[in-house]
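Take the given structure of chain X and dock chains W, C and P to it, following the hints.
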Amino acid sequence: MRARGPYYFTLMRVPVLLFASYADAFRAQQIEVTLADGATVRDLLARVRELATGRALPPSPLVALNQRYAALGEVIHSGDEVALIPPVAGG
Amino acid sequence: MRARGPYYFTLMRVPVLLFASYADAFRAQQIEVTLADGATVRDLLARVRELATGRALPPSPLVALNQRYAALGEVIHSGDEVALIPPVAGG
Amino acid sequence: MRTALVTRAIDAPALLREVAAKEHGATSLFLGTVRDVNDGRAVTGIEYAAYAAMATAELDRIATEAVKCFRTELLVVEHRIGEIALGDVSVAIAVSHAHRAPALDATRYVIEQLKRRVPIWKREHYSDGASEWIDPTRSAREADAATGETHVLTFDPRVSTAS
Amino acid sequence: MRTALVTRAIDAPALLREVAAKEHGATSLFLGTVRDVNDGRAVTGIEYAAYAAMATAELDRIATEAVKCFRTELLVVEHRIGEIALGDVSVAIAVSHAHRAPALDATRYVIEQLKRRVPIWKREHYSDGASEWIDPTRSAREADAATGETHVLTFDPRVSTAS
Chain X
1 MRARGPYYFT LMRVPVLLFA SYADAFRAQQ IEVTLADGAT VRDLLARVRE LATGRALPPS
61 PLVALNQRYA ALGEVIHSGD EVALIPPVAG G
Chain W
92 MRARGPYYFT LMRVPVLLFA SYADAFRAQQ IEVTLADGAT VRDLLARVRE LATGRALPPS
152 PLVALNQRYA ALGEVIHSGD EVALIPPVAG G
Chain C
183 MRTALVTRAI DAPALLREVA AKEHGATSLF LGTVRDVNDG RAVTGIEYAA YAAMATAELD
243 RIATEAVKCF RTELLVVEHR IGEIALGDVS VAIAVSHAHR APALDATRYV IEQLKRRVPI
303 WKREHYSDGA SEWIDPTRSA READAATGET HVLTFDPRVS TAS
Chain P
346 MRTALVTRAI DAPALLREVA AKEHGATSLF LGTVRDVNDG RAVTGIEYAA YAAMATAELD
406 RIATEAVKCF RTELLVVEHR IGEIALGDVS VAIAVSHAHR APALDATRYV IEQLKRRVPI
466 WKREHYSDGA SEWIDPTRSA READAATGET HVLTFDPRVS TAS
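Protein chains in written order, with this note's numbering: chain X, 1 to 91; chain W, 92 to 182; chain C, 183 to 345; chain P, 346 to 508.
If we strip away everything but chain X, and leave its shape as in the complex, we get (with noise of 0.2 Å):
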């Protein structure tokens, strides 16, 4: 069992990829955000608003994990794939 740093919680660091207008609006296809062990879809919307970009986003904007739609309440764990979902346009 590793030691406990200086935080109540573990942090991990959470790649989220970005397409299409999301990544226009950040300027970037992939950002980075800090959150706490067990943290939810919930956390990370919100961590990604406090970023100066965050913003751009739209109400409640949809994340996939793994590749998969992810329900606001579902917890992200380190090395998931996590991704912002722009409104979908194919056909």
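Any given hint could turn out to be false.
[Stated by the list, open to error] Per label pair, the in silico range of CB-to-CB distance: (1) R347(P) to D171(W): 53 to 61 Å; (2) T246(C) to A56(X): 46 to 54 Å; (3) A280(C) to G129(W): 48 to 56 Å.
[Claimed, not checked] When the alpha-carbon atoms are kept at most 30 Å apart in a straight line, the in silico DSS-like pairs for lysine-lysine are as follows: (4) K367(P) to K297(C); (5) K413(P) to K297(C); (6) K204(C) to K250(C); (7) K250(C) to K297(C); (8) K413(P) to K460(P); (9) K460(P) to K250(C); (10) K460(P) to K204(C); (11) K413(P) to K367(P).
Hints are computed from structural coordinates only; laboratory data are not their basis.
Note that beta-carbon positions come from the ideal geometry of N, C-alpha and C, so glycine has one too.
This is chains W, C and P only, laid out in the frame that chain X set:
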């Protein structure tokens, strides 16, 4: 005005087109029936049933007048194109 | 809009090109093909016969209804008549529209109405040498008789097309 | 069953051949093509981008749902990615089935689900030099705002695909 014949109603000889299973049953692609002026599709079917092969018809066969499906009460006029339509099976 | 009874092979790609339009984002194609088995009997070939004048008129009426209801002129229907081989296309319906829902709806409308109303008949030839005119209403009636049900599965065009 | 994101032209006749089967009497094909006008603006070109790994997975999930629900393995979906020209095919769905209703239903299921769930985005280039990522939910929201209605026209895949 023409002189009346021995019948109260003027008679007309009506060719009736047959197709597919009906043509096979009647061994003909066309039969002729005699109808009174003012006869309806219902009268036509009654007359066809009187023929020896008429019993090959289902209880309520479809009839077309001038290349449109016709209701039982529709009046047949001399010169109309009349056809008995077996159950269709296109597609 | 175009409808035709044809005695040659139906060229599906040509129909797709015929309905293509740069202002239309959706194209739907339906193909009916000859199956090798029907009701458990091995089919070796098929023959379609038609009351040609009325079949042409009725196909045209159905296509006109679809054009009005679904608001596109780019609708083509071809039905093949005569002897045709297993796997060959017997009927093709191609429709394009600005939007997908009416393109798909129009396709379905045409094939459903065609199967109920157009005076075309199909004779199947079987591997035992027999052949038979197919009556799509018979299996429904026999199923009803077997189950004692009396609901009407078949469609009487004299009722619904009266106007 | 096969699904693919492709960067080459979609070959519709090849897809028809791919789903053909002698025991299947019905084939349905849907094609999405690039329109020259959208919301009244003249479109000169289109670019599709995708979250490729997830788009591939989601397309596969949708096709698998259709295969199970409509009971045919002969279902192919291709979506084109990258720059594509006006009139080109962006998506194709081909399905064959013994019977017509499930062939048509499966086609519709796949295009409807694809449009709601597959992470693909479309950037339109306009004749005035501008370009824009298309948001299909925006026009619905703006229409709601204009009429004061608050019903939800859009689909949240997190809800309906949870299982």
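Results of checking the hints against the structure:
1. R347(P) to D171(W): 53 to 61 Å: holds (55 Å)
2. T246(C) to A56(X): 46 to 54 Å: holds (50 Å)
3. A280(C) to G129(W): 48 to 56 Å: Because 51 Å falls inside the window, the suggested range holds.
4. K367(P) to K297(C): Given pair K367(P), K297(C) holds - Cα atoms ~21 Å apart, limit 30 Å.
5. K413(P) to K297(C): holds (27 Å)
6. K204(C) to K250(C): Satisfied, since the Cα-Cα distance of roughly 21 Å is no more than 30 Å.
7. K250(C) to K297(C): Roughly 20 Å between the alpha carbons, so the hint for K250(C) and K297(C) holds.
8. K413(P) to K460(P): Distance ~20 Å between K413(P) and K460(P) Cα, so the pair holds.
9. K460(P) to K250(C): This hinted pair holds, its Cα atoms lying about 27 Å apart.
10. K460(P) to K204(C): holds (20 Å)
11. K413(P) to K367(P): Within the cut-off at roughly 21 Å; holds.
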